[in-house]
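Participant: Each chain is listed here by its residues.
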Amino acid sequence: MNTLFDKIWDAHVVQNVTDGPTQLYIDRLYCHEVTSPQAFEGLRRRGIKCFRPEKIFCMPDHNTPTHDQDKPIEDPVSLEQVDTLEKNAKEFGIEHFGMLHPKNGIIHVVGPERGLSLPGMTIVCGDSHTSTHGAMGAVAFGIGTSEVEMVMASQCILQQKPKSMRINIEGKLAKGVTAKDMALYLMSKLTTSGATGYFVEYAGEAVRDLSMEGRLTLCNLSIEMGARGGFIAPDEKTFEYLKDREYAPKGEEWDKAVEYWKTLKSGDDAVFDKELTFHAEDIEPMVTYGTNPGMGMGITDSIPEVDTIPEEGRESFEKSLEYMGFEPGQKLLDTPVDYVFLGACTNGRIEDFYAFASIVNGRKKHPDVTAWLVPGSWMVYDELKREGLDKFFERAGFEIRQPGCSACLAMNDDKIPAGKLAVSTSNRNFEGRQGPGARTILASPLTAAAAAVTGKITDPRTL
Amino acid sequence: MKQKFDIIRSRCVPLPLENVDTDQIIPARFLKATTREESFFGENLFRDWRFNPDGSVNKDFVLNDPTYSGEILVAGKNFGSGSSREHAAWAIAGYGFRVVISSFFADIHKNNELNNFVLPAVVSEDFLAELFKSIKENPAMEVEVNLPEQTVTNCATGRSEKFEINGYKKYCLMNALDDIDFLLENQGKTEAFEKDGL
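Protein chains in written order, with this note's numbering: chain A, 17 to 479; chain B, 12 to 209.
In case anyone wonders, no lab produced these hints; they're calculated from the structure. Please note: incorrect hints may appear among the correct ones.
[Claimed, not checked] With a Cα cut of at most 20 Å, we get these calculated PhoX-like pairs of lysine-lysine: (1) Lys71(A) to Lys181(B); (2) Lys103(A) to Lys188(A); (3) Lys65(A) to Lys181(B); (4) Lys253(A) to Lys266(A); (5) Lys87(A) to Lys103(A); (6) Lys181(B) to Lys177(A); (7) Lys206(B) to Lys71(A); (8) Lys147(B) to Lys70(B); (9) Lys23(A) to Lys431(A); (10) Lys436(A) to Lys119(A); (11) Lys272(A) to Lys206(B); (12) Lys278(A) to Lys266(A); (13) Lys278(A) to Lys23(A); (14) Lys70(B) to Lys335(A); (15) Lys259(A) to Lys119(A); (16) Lys177(A) to Lys191(A); (17) Lys381(A) to Lys335(A); (18) Lys335(A) to Lys436(A).
Next up, chain A with everything else stripped away, as it sits in the complex (with noise of 0.2 Å):
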């Protein structure tokens, strides 16, 4: 009780249904082309219009071309769905940044640089990763397709309250080790389900040092631990980064927001359902060697042996090793790498440049190496341009591509080809996730340039 989680849903809290669900009020929601069509279908099929169309905001991401955006798109699938987003949120009112507008890119990254998603907000969308907003100090988490038609419909959602959960990281991360590093960390700690039914609060000095980039992969990742959602109560660090942001407020109305914001933390007696404290100074560099974001390992250790594993664990175990084609007990350093996907919703903002960047420092990429530089929207992808840093990557060898979700679920012509090995910035590793048949490390934005630069797992500690 008294958790910062607790202060927000209660003030969301329209009614609590007997014997059911709470049916709780949405401040945003966010639709992007995979996940809305048949929610607007619905809505044309009841005959209503959407309840409160300012508070909805629309853009294509996940088809995307990440090149000649200014073309059609080929696939006529995929043109469909985009067109189909513009034709809707015209249709029911609402704000769309469609392609090459200069407020596209992956909703994820859009949302808090534009100041749309705010502390004290609830922000849903048809998206797992809606989590990342929860780096505002807001209560945002992923919904359904129906979920989505029910926002759309009332400005509500029927949700049963989830538990609570407060991970603390006490200490100071390493140089060389980042926030993708730390969340890799807590899955594999925690598994992919260690806390599903939860709403994580991330809390301690680690992750309050953290930058709102750092912060935002973290809460990113909440939904690869299974969690609703995930979140950092604001501080003036988050105040800092809103500040003038085009949809934040303004002048009073800003003094009165961060006045509001600053009462915005769980109380000393707060009780949560569930607490965990992990220690900074534990945590290297990360890398995923399975088929779930949970199956991670420092870069210096070795995979399981299958004894350690539980016995009812040992089939999906021993199904993912065959898929990634690794063996028990294997090293991966020094292994070949393939490809390298720099962006997504995890790790596609200016901070993860500038991180890959110092590792490529004077370095050129690798011969073998096929490397995807994507911005996680065009705000990224114009203050590249500004500090000269898509010349630096040329230079070396690296071509900055257009914005999108890209390699991340290659929706568009961005696969990964079968079989091969792509070391991600990505949040999944899913079988075929980044294409049929491919396969996948996840890593954070060092250790991705230092295999695109190296053409094996590298170390970055070691450049």
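Starting from the known structure of chain A, fit chain B onto it as the hints suggest.
Facilitator: This is chain B only, laid out in the frame that chain A set:
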């Protein structure tokens, strides 16, 4: 599809893998549809496990094994993790499953199943292990899922277990009502909340 749910007695399809994610249930390349045709999604349920990379049928996968059939899918723990795509629930419904039994479901997928009138029934790990064993011993064995009583019964052993579902959702399933019907009826409360609460 909106349909009333009461008691279902059926044979089962066993999938004893853990952490089956929604990318496996329906791969991303099948998410480009703009309509909700369950048959399309059903045809592509577990696509990359059902078919080999060359397009031939993977005879080793349980959905291609004529020994098993029925309206009940029995899956290992943490079923439906990963992406929020409701297409996964449409694929399960479209294939013809009306119940998924597991010891643990991912949150978003569980809601998606319920919103598509597929019942996710959570049983104990012990019950699940016994169920897999019963199906293996006799693929023709049946399971009875009784929503009014909230019970799952392994008809081979006679063992029965209660499952949880909140009273509201149970009422919705039994009467083929969805949440939007409810929320539209309650729009007055939402407007009152906006006046006072925001």
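Participant: The structure should be examined with respect to each hint, and the outcome stated for every one.
Facilitator: Results for each hint:
no.: 1; hint: Lys71(A) to Lys181(B); verdict: 31 Å, violated
no.: 2; hint: Lys103(A) to Lys188(A); verdict: 49 Å, violated
no.: 3; hint: Lys65(A) to Lys181(B); verdict: 28 Å, violated
no.: 4; hint: Lys253(A) to Lys266(A); verdict: 17 Å, holds
no.: 5; hint: Lys87(A) to Lys103(A); verdict: 19 Å, holds
no.: 6; hint: Lys181(B) to Lys177(A); verdict: 17 Å, holds
no.: 7; hint: Lys206(B) to Lys71(A); verdict: 16 Å, holds
no.: 8; hint: Lys147(B) to Lys70(B); verdict: 17 Å, holds
no.: 9; hint: Lys23(A) to Lys431(A); verdict: 43 Å, violated
no.: 10; hint: Lys436(A) to Lys119(A); verdict: 34 Å, violated
no.: 11; hint: Lys272(A) to Lys206(B); verdict: 19 Å, holds
no.: 12; hint: Lys278(A) to Lys266(A); verdict: 17 Å, holds
no.: 13; hint: Lys278(A) to Lys23(A); verdict: 13 Å, holds
no.: 14; hint: Lys70(B) to Lys335(A); verdict: 17 Å, holds
no.: 15; hint: Lys259(A) to Lys119(A); verdict: 18 Å, holds
no.: 16; hint: Lys177(A) to Lys191(A); verdict: 38 Å, violated
no.: 17; hint: Lys381(A) to Lys335(A); verdict: 33 Å, violated
no.: 18; hint: Lys335(A) to Lys436(A); verdict: 18 Å, holds
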